[in-house]
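The whole structure should be built from the sequences, with the hints applied where relevant.
As they're listed, the protein sequences go chains A, B, C and D. Okay, so the first sequence: first residue is 1 according to my numbering, each after it adds one. Okay, so the second sequence: first residue is 1 according to my numbering, each after it adds one. Okay, so the third sequence: first residue is 1 according to my numbering, each after it adds one. Okay, so the fourth sequence: first residue is 1 according to my numbering, each after it adds one.
No wet-lab data here; the hints were simulated from the structure. Mixed in with the good hints, there may be bad ones.
[To be verified] Taking lysine to any residue and the SDA-like style, the derived pairs with C-alpha atoms no more than 25 Å apart in a straight line are: (1) A:47 x C:228; (2) A:4 x A:243; (3) B:146 x A:160; (4) C:239 x A:315; (5) A:146 x B:162; (6) C:155 x A:268; (7) C:92 x B:14; (8) B:134 x A:158; (9) B:165 x A:159; (10) A:165 x B:207; (11) D:92 x A:147; (12) A:305 x B:224; (13) A:153 x C:177; (14) C:228 x C:194; (15) C:92 x A:157; (16) B:90 x B:267; (17) A:90 x C:194; (18) B:165 x D:170; (19) B:165 x A:158; (20) A:144 x B:267; (21) A:90 x A:268; (22) A:153 x B:19; (23) A:95 x C:194; (24) B:207 x C:21; (25) D:155 x B:83; (26) B:144 x A:268.
[Claimed, not checked] Residues from chain A shown here face chain C by an in silico Cβ test under 10 Å; the list is partial: (27) 54; (28) 73; (29) 130.
[Unchecked claim] Just so you have them, the derived chain A footprint on chain C, three or more residues with Cβ under 8 Å: (30) 57 to 68; (31) 73 to 83; (32) 116 to 122; (33) 131 to 140; (34) 165 to 175; (35) 210 to 219.
In this text, all values refer to a predicted model and were calculated from it rather than measured experimentally. For glycine and all other residues, C-beta sits at the position ideal for the given N, C-alpha and C.
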Amino acid sequence: MTDKIMTARKAVDTFIKDGDQIALGGFTVNRNPMHIIREIIRQKKKKLYLVVHSHGQGMELLIGAGCVERIELAYGGVARFAPTGYLFKKAFKDKTIEVEDYSNYQMTLRFMAGAMGLPFIATKSGLESDIVRKFGFSPQIRGKGKIPEHKLKVINDPINEDGGKVVVLPPLNPDVALIHAQYAGEKGTIRINGLSFADIEQAKAAKTVIVSCEEIVPEDYIRQDPDRNSLAHFIVDAIVPAPFGAHPTACHMYYDYDPNHLNYFKKIAQNQDSFNRYLDEWVYPFETMEDYLTKVGFKDLLKIKANSALGYAPGLDRR
Amino acid sequence: MTDKIMTARKAVDTFIKDGDQIALGGFTVNRNPMHIIREIIRQKKKKLYLVVHSHGQGMELLIGAGCVERIELAYGGVARFAPTGYLFKKAFKDKTIEVEDYSNYQMTLRFMAGAMGLPFIATKSGLESDIVRKFGFSPQIRGKGKIPEHKLKVINDPINEDGGKVVVLPPLNPDVALIHAQYAGEKGTIRINGLSFADIEQAKAAKTVIVSCEEIVPEDYIRQDPDRNSLAHFIVDAIVPAPFGAHPTACHMYYDYDPNHLNYFKKIAQNQDSFNRYLDEWVYPFETMEDYLTKVGFKDLLKIKANSALGYAPGLDRR
Amino acid sequence: MEPYTATEIMALTAGSLVQNNDILFAGTGLSMLAATVAKRIHAPDAIVFFETGGIDPSLEELPLAVADPRVMVGTSVNSGLADALSILGHPKFRTIAFLGAAQIDCYGNLNSTMLGTYENPEQRFPGSGGACDAASLAYGIIVFMQHEYRRFVNKLDYFTSPGWLSGYNSRREAGFLRGGPMAVVTNLGVLKFDDITKMMYLDQYYPFTDPETIALKTGFSLDISRAKKCSPPKEDELKMLRQEVDPQRLILGPMPG
Amino acid sequence: MEPYTATEIMALTAGSLVQNNDILFAGTGLSMLAATVAKRIHAPDAIVFFETGGIDPSLEELPLAVADPRVMVGTSVNSGLADALSILGHPKFRTIAFLGAAQIDCYGNLNSTMLGTYENPEQRFPGSGGACDAASLAYGIIVFMQHEYRRFVNKLDYFTSPGWLSGYNSRREAGFLRGGPMAVVTNLGVLKFDDITKMMYLDQYYPFTDPETIALKTGFSLDISRAKKCSPPKEDELKMLRQEVDPQRLILGPMPG
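Have a look at this one:
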């Protein structure tokens, strides 16, 4: 097995190309694969096709930096810091991105179907709503590349005569899944602490899996407790060592979200000039986590450092 | 929340009635809920409708004792100790039970669909096979009670024009799921060590969940590490303390399967008289695990005691 | 000026709608306060879970997001979306979801996606998240709304989450197995749905307002004939909310007056 | 008498069919030996997994069942059936499943369920287990058979697991995305499938037998024109199998002679 441990630069350069369909791991303010996302921006990847359930900070950055052409999503926001993501909102209103709306369960089921090789998956969720009635992607592009022929279909339950209508959803098999995890074994076994969101399904559904992680540990060590592990080593194509790699979002047991940074981002996100200055200040100059963290500074990092018993930073000023 | 901790006698008496559809946890020689199963036999429950993927020792006992009317399964055997279960084989040939054959993936997907509230679930597995072409249950009983109207249906992929044929399966929502786990918190949080088979899906799919366990631990303790937990407390209706409750099958980190007992069972299972004597000797007299274990004896229990590093009994004579 | 804020009475009122052993699907903000109120006062055995996978956390600090690491501690199980969202429709449980929305119609259908259309978008909200799922699958939903004319509309710009659809038996006929909105808790009062028509009516108004004012702030014709005046929050409940649930007033906002 | 048993040459021969980086779906018995042989000799980076959820265990002791606690140790992940069986069809991986059966037909379709019919059952085998899934979804399967006339049949009593169906392109036309049997390893030789017709032919026969004997033990017409004699097992491979893989001969059974 070839060595999978590499820099973000190499992982993004090797595995991500313009136009790829990309699943972002994490959820709003937690475990966003920010280190990889910043590298995507540095490498100026274009026309990305994001598939997410509820995404926040990472998606905001990619949209703002002009890397995104198209999104399938259930939710675009950074929790209380931006109930609707400013850059998502702006791109949607300016029609610089195409958006297709699903629900969280629908997106999760689609990832799961992709992960399990199911031809499609069905749910009662969304019947009669505009999610099943309105279509964001133009008919011209449907069925091309990764874009499914049908957003979804409402059919009669084919096996239970009393089952009524159901929503049938196409599976998702993204080109690349980007995940930030706490631990990776040297051969690629991944362990996520706390909630896994839909990261595991996203990784299993994808053709290529890039995992950034807080720590790389010996494969023997991570295999001493395989009940805790989230992904088998052979699923993973690239491991990127990235301590604090989810900053300014949280990483359970390692650090909390960074309210200072997220509040600052909220301000600068409302204007393209200030957002561009943010890229110049926070994204372009720092290829390594070391350099980025030097910019963040010890003071803020110590504030968000997780308490070992709680997994977050108790008493953190989150206003 | 009322107290869920109870004896096997009370759990079976309260929650299992004749004719119930019952999912058995475990797999061939591992984590069979034997203590509960023996109690079902003592209480002479009848006409049970088993739904399992690959089941072994527990199913053999229930069939032999005449508790079973009908089974949906993928596999009936006790691994090398009885590649096809003798009592299953005999009941099938004598037509004293009705059997419907599925595959392991199909049964697992059906439990999963039941657990997730999906109206149905589809797979490519089984196309053109007799699993989709032949039906074990008589047409007269189909659609009655828990028996699905259709074993399955082969349809054209409704959402992907190039998808071809797919097998659509009905979900399973058993009346009762019987699970043997390593740990239960006092309020019902369950932790399974090692492989979970389809136990988690079975429990979530069922109306009533009975869990026997090696140890009951304080709820606070089991919640100190919720990443390891398998079932939320409110899913579980009865917790039955049962150290060695899976014997003669294995329980990872606690004990190995008991080759002496399984080899002995293999012999007695081939004849109804000797099987009845087994019931008289091993099942009817012992309502508590303490009494049952006294019968097994320290000698055999020490032989199968798991090594803490390995989870099984290294060097165990398994011939 | 009342000695309590609208947010405070909303949290306490919504919390009182919960029964013991209910399984509560909570978002953040008001729904988190309401769920905590419910557990501390009305329904000690109620269970709170989050769509992100945190099942029954200890909630020693108030989470600001459903993905806040504070929902991962003291839980019964830490899982993920597939698991958590599957609980919503579990027929064994009375699952109650607290939802917010940008628009609501007279049958309790919700919009949290956008104003305008995909072709001519005017405003964008975050989208369904788990709201459509909860509204589709849960035993019931309780909706939080700011009571404004432009939010209580005759026709949603985008129909994100199914309520009683077009009223009467339309929800069951559409294929839903259960569910439907139980109540709408606003900054002015509590609205419920007629047993037969499933049309919204005013059930309670807070002491600082009146039914006519509420009707004027509602964009569709509202039945106010059944409205009762709501009692002000009890002293001890208000104290508990302020001192124990949100002492930093992260969600409660400024004190009254 | 040969200085090796049929079981030994079967395990070694099947193991040699594995490529490096293959993901091996193993049952127990012979398939476990073959997988271990593959990893130790031909394909050190091959990965073994079990349908029960044990992914790449260290296998310090030979498991006697796919649910043996020995498949839960040193694994990359301990999961369950849903996870493990999902790996079979993953398009990213060359998944190879080792399967046994009671009957096989000339297109490699398998019966592991029963003889007779549900109405008039004559014999019962355990059933599909994961065999139908592996045969349906994996990149390829390798089948172990006892080479007996009554097992190599024209028509299966029960069609449990899909091979090449009725040959030619019928497998793809039926809706399968990939897969099909690659080889059948018996106690007499190795059979493969014609590239075009997908009909079984004799590829190799062991040194202790001959093509005509094999044809006589095959219940359908067998092409033996392409048969080559197989070399006897190499000394070092036999030694490794006996001393390291199954020293207790739990699966290998008695020594030769």
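Tested hints:
no.: 1; hint: A:47 x C:228; in the structure: violated, 56 Å
no.: 2; hint: A:4 x A:243; in the structure: holds, 17 Å
no.: 3; hint: B:146 x A:160; in the structure: holds, 13 Å
no.: 4; hint: C:239 x A:315; in the structure: holds, 21 Å
no.: 5; hint: A:146 x B:162; in the structure: holds, 14 Å
no.: 6; hint: C:155 x A:268; in the structure: violated, 35 Å
no.: 7; hint: C:92 x B:14; in the structure: holds, 17 Å
no.: 8; hint: B:134 x A:158; in the structure: holds, 19 Å
no.: 9; hint: B:165 x A:159; in the structure: holds, 15 Å
no.: 10; hint: A:165 x B:207; in the structure: holds, 24 Å
no.: 11; hint: D:92 x A:147; in the structure: holds, 20 Å
no.: 12; hint: A:305 x B:224; in the structure: holds, 19 Å
no.: 13; hint: A:153 x C:177; in the structure: holds, 19 Å
no.: 14; hint: C:228 x C:194; in the structure: holds, 15 Å
no.: 15; hint: C:92 x A:157; in the structure: holds, 22 Å
no.: 16; hint: B:90 x B:267; in the structure: holds, 14 Å
no.: 17; hint: A:90 x C:194; in the structure: violated, 40 Å
no.: 18; hint: B:165 x D:170; in the structure: holds, 13 Å
no.: 19; hint: B:165 x A:158; in the structure: holds, 13 Å
no.: 20; hint: A:144 x B:267; in the structure: violated, 62 Å
no.: 21; hint: A:90 x A:268; in the structure: holds, 13 Å
no.: 22; hint: A:153 x B:19; in the structure: violated, 38 Å
no.: 23; hint: A:95 x C:194; in the structure: violated, 41 Å
no.: 24; hint: B:207 x C:21; in the structure: holds, 16 Å
no.: 25; hint: D:155 x B:83; in the structure: holds, 24 Å
no.: 26; hint: B:144 x A:268; in the structure: violated, 63 Å
no.: 27; hint: 54; in the structure: holds, 5 Å
no.: 28; hint: 73; in the structure: holds, 6 Å
no.: 29; hint: 130; in the structure: holds, 4 Å
no.: 30; hint: 57 to 68; in the structure: holds (count 7)
no.: 31; hint: 73 to 83; in the structure: holds (count 6)
no.: 32; hint: 116 to 122; in the structure: holds (count 4)
no.: 33; hint: 131 to 140; in the structure: holds (count 5)
no.: 34; hint: 165 to 175; in the structure: holds (count 3)
no.: 35; hint: 210 to 219; in the structure: violated (count 0)
Figure legend: structure checked against the earlier numbered hints; hints not met, in rising order: 1, 6, 17, 20, 22, 23, 26, 35.
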